[in-house]
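Using the sequences and the accompanying hints, generate a full structural model.
Number of protein chains: 2
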Amino acid sequence: MSVDLLRARAALSRLFEPSDMVGLALVSAAGPEQALQIATGGRQVSSALIHKTAGILTSVGVAGKGYALAEGLKRWRPRVADLAPDRDLETIRRLGGELLIPEDPRWPEALSHLELGMPLCLWVRGQLAGGLPDMKRTVALVGSRDATGYGLSITGDLSAGLASRGYTVVSGGAYGIDAQAHRAALAATLPEAAGSGISTIAVMACGADRFYPAGNEDLLRAIAEHGLLLSEVPPGSAPTRWRFLQRNRIIAALSAVTVVVEARWRSGALNTAHHAAELGREVGAVPGSVYSANSAGCHRLLRDGSAVCVTDAQEVAELAGPLTQEVPEVAQAVESASQSGPGSAARAREKRSDHDGLAVEDLLLLDALPVRSDTSIDKLASVAGLPVAGVRAGLARLELEGLAIRAGPDGWRRGKR
Amino acid sequence: MSVDLLRARAALSRLFEPSDMVGLALVSAAGPEQALQIATGGRQVSSALIHKTAGILTSVGVAGKGYALAEGLKRWRPRVADLAPDRDLETIRRLGGELLIPEDPRWPEALSHLELGMPLCLWVRGQLAGGLPDMKRTVALVGSRDATGYGLSITGDLSAGLASRGYTVVSGGAYGIDAQAHRAALAATLPEAAGSGISTIAVMACGADRFYPAGNEDLLRAIAEHGLLLSEVPPGSAPTRWRFLQRNRIIAALSAVTVVVEARWRSGALNTAHHAAELGREVGAVPGSVYSANSAGCHRLLRDGSAVCVTDAQEVAELAGPLTQEVPEVAQAVESASQSGPGSAARAREKRSDHDGLAVEDLLLLDALPVRSDTSIDKLASVAGLPVAGVRAGLARLELEGLAIRAGPDGWRRGKR
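Those sequence lines, one after another, are chains A and F.
The first sequence: position 404 = 424 (this note's numbering), numbered continuously.
The second sequence: position 257 = 277 (this note's numbering), numbered continuously.
By construction, these hints were calculated from the structure, which means they are not laboratory data.
A portion of the hints provided could be inaccurate.
Any copy will do: because identical chains look the same in the list, a pair fits if it lies in one copy or spans two.
As the list claims (entries may be wrong) - Below, in silico cross-link-like pairs of lysine to any residue (SDA-like), each with a Cα-Cα straight-line distance of 25 Å or less: (1) K94 x P259; (2) K399 x T111; (3) K94 x S39; (4) K399 x G61; (5) K399 x E91; (6) K399 x A104; (7) K436 x P390; (8) K156 x G325; (9) K94 x G341.
Quick look at the structure:
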């Protein structure tokens with residue numbers, strides 16, 4: 021892979037804000053190296069290229085007027101003096117990381133679903149040896165920073181359950197739900213399984229050299245060591261609101277499913293969910309109390325049909341679809357041990373009833389059988405509303421099930437299965 | 021209306037179990053009076069009638085073999101001796117009630133959607149003067165008997181909110197969610213509004229003369245006095261499992277929306293929801309904790325797409341569609357006072373942020389403005405990634421909003437809206 025390509029994309033990632041569609045169209049039309057020359061004013065832009073760039077913008081629905089590129093050039097000019105791609109590449113290398121670019125075979129295929137909005141590159145720290153995990157085994161867990169105890173609890177259960185099933189948990193490295201998702205995934209990765217997979221990925225809105233927010237420093241350091249920390253903006257970049265919003269599209273694109281665990285009526289997590297829906301990815305939402313403002317955003321997604329209700333790791337895994345890739349044996353063992361998520365517990369508590377699986381006639385007959393006294397077949401026929409022959413046949417069936425007890429030549433009462 | 025019709029339907033409702041499709045097909049083919057004569061063995065059944073009955077059964081998808089009617093006759097025979105329609109009619113009259121039959125103009129149109137499964141008649145106690153309320157202003161609230169405090173709380177909020185908006189709340193008169201739904205609807209009916217509408221209807225699985233379960237006697241008595249208590253089975257009938265299941269179809273058919281407030285993974289309330297869905301009625305489910313077994317049934321409905329997520333009375337009312345009928349003024353006043361359900365409270369707590377409604381350029385600029393120091397326009401252009409002219413224009417807009425403060429000839433900092 022050409023060093024010039026790496027340098028060009030490194031520089032462009034500082035010149036352009038994330039999702040600068042004009043810049044991305046220019047790169048698409050001229051290639052990264054020529055685009056950098058043009059964007060920095062080192063090369064005149066031909067009218068053919070202006071036309072081609074405008075065409076690309078029009079094709080993706082961005083108002084692609086002729087002056088879009090001219091506007092872009094004005095926008096990029098003030099940053100040209102700040103460009104130092106070699107320094108940035110050296111910074112990420114010093115941190116044990118590297119710059120991943122679309123020309124690299126390890127570039128995640130899943131990001132190409134962002135089309136023109138695909139990041140220029142990813143500044144990565146962590147265990148990139150085998151590339152990013154397959155989208156099919158990647159799930160995003162997102163939610164509010166000011167999480168409730170309920171939200172933290174279910175996030176821990178979901179994340180641990182998914183990690184132990186062999187899924188990678190993606191989130192945004194923020195306080196609250198994000199931090200809990202990363203933490204539980206890291207903790208669920210057993211020592212024996214270490215190295216067999218990436219349990220968690222944090223996608224940052226700031227440079228990958230910064231641990232932001234500061235309170236998550238230890239956690240983010242652990243992710244950079246045992247998982248992956250990545251960002252489309254170069255080292256030193258500050259986390260701005262725009263970058264937070266754009267960062268969310270990367271979280272959504274990397275994941276087969278995006279689950280919103282807790283979110284207020286208006287929340288950044290909903291933005292991630294919308295990105296996922298736009299990409300045709302599955303969206304899950306965890307229900308909660310209708311009195312909790314932190315679940316209002318989840319209920320909003322459920323209500324408008326944008327999300328599927330998920331209550332445990334198994335249901336999230338079902339949304340992600342079957343795992344085609346091989347799951348390590350250790351993870352399989354953990355999986356079978358951890359089948360008892362909250363939802364499955366609720367189901368398991370439901371015990372089988374006497375009347376389960378009975379045909380209508382037998383149900384009518386069972387209800388007509390007295391518990392504490394005996395009754396005759398004629399009386400049963402009248403009470404149950406069944407023919408006498410039907411009562412005889414039904415009593416034989418119920419007797420086999422232990423639900424009817426013969427108490428004499430013509431006397432019957434109810435039994436207990 | 022013919023007394024013979026009343027007597028025939030009264031007798032048939034004792035002879036047939038609810039939803040005895042063969043019996044109902046016979047009534048449909050021969051009319052109630054002739055059907056009674058045949059069902060009681062007082063009249064031979066012609067081969068033409070056998071054919072017609074079988075045809076009706078086939079048309080509704082019930083296996084309509086030729087011997088279906090013969091089987092029915094055997095089933096009904098044991099009950100013939102128990103028939104006493106005059107006594108039953110006298111009983112309901114003595115209780116201040118009456119027998120409502122499909123030939124009565126007050127018969128609710130909504131029940132005809134049950135087609136062949138429409139009840140033969142309804143044994144009614146209560147305020148029937150103006151007939152049953154329009155389906156469009158009727159909502160069913162159903163759920164577990166062993167409700168949690170959470171379930172009771174939201175049921176009370178929903179029911180009171182709906183009743184004060186002019187809706188009639190239908191339920192099954194059972195313990196738990198049902199009882200709370202009836203109670204809150206009765207309580208929400210202000211004295212001034214009394215008589216203007218029926219706040220609640222209990223559909224019973226036993227005879228309307230019985231207050232079952234006994235612990236709800238006072239409540240059911242109040243419903244029979246101020247609302248409506250109804251049943252398709254005649255006075256004296258016991259509540260059997262079959263009758264509970266069939267009763268649910270009446271609850272669903274009478275209501276524009278069926279809301280499951282709390283239900284276990286397997287619950288009778290889900291049966292009501294399925295009836296509602298089969299009738300093409302709206303189904304709502306209230307979300308709750310994923311750790312609560314009592315919400316597992318609701319989440320199941322949300323997950324498989326059978327129900328819409330509802331969190332307050334307003335959302336339920338939206339499902340029911342706009343009220344065409346006139347709402348009493350008192351109810352309107354209460355309505356506007358009670359707009360603050362749980363869901364709306366969660367939304368209201370969300371306050372407007374500084375960056376709301378800003379265009380992307382202004383968002384980038386706002387994030388680039390320092391809070392505690394001043395900065396220059398050139399620096400802002402580089403940090404925000406905007407052209408210098410764009411920064412000037414943006415600062416002017418943000419200054420108008422109070423979000424940017426001029427701190428000298430070329431110095432700017434952030435303001436607070």
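Check your understanding: So which of those numbered hints doesn't the model satisfy?
Key -> Of the numbered hints given earlier, the structure breaks just one, which is hint 9.
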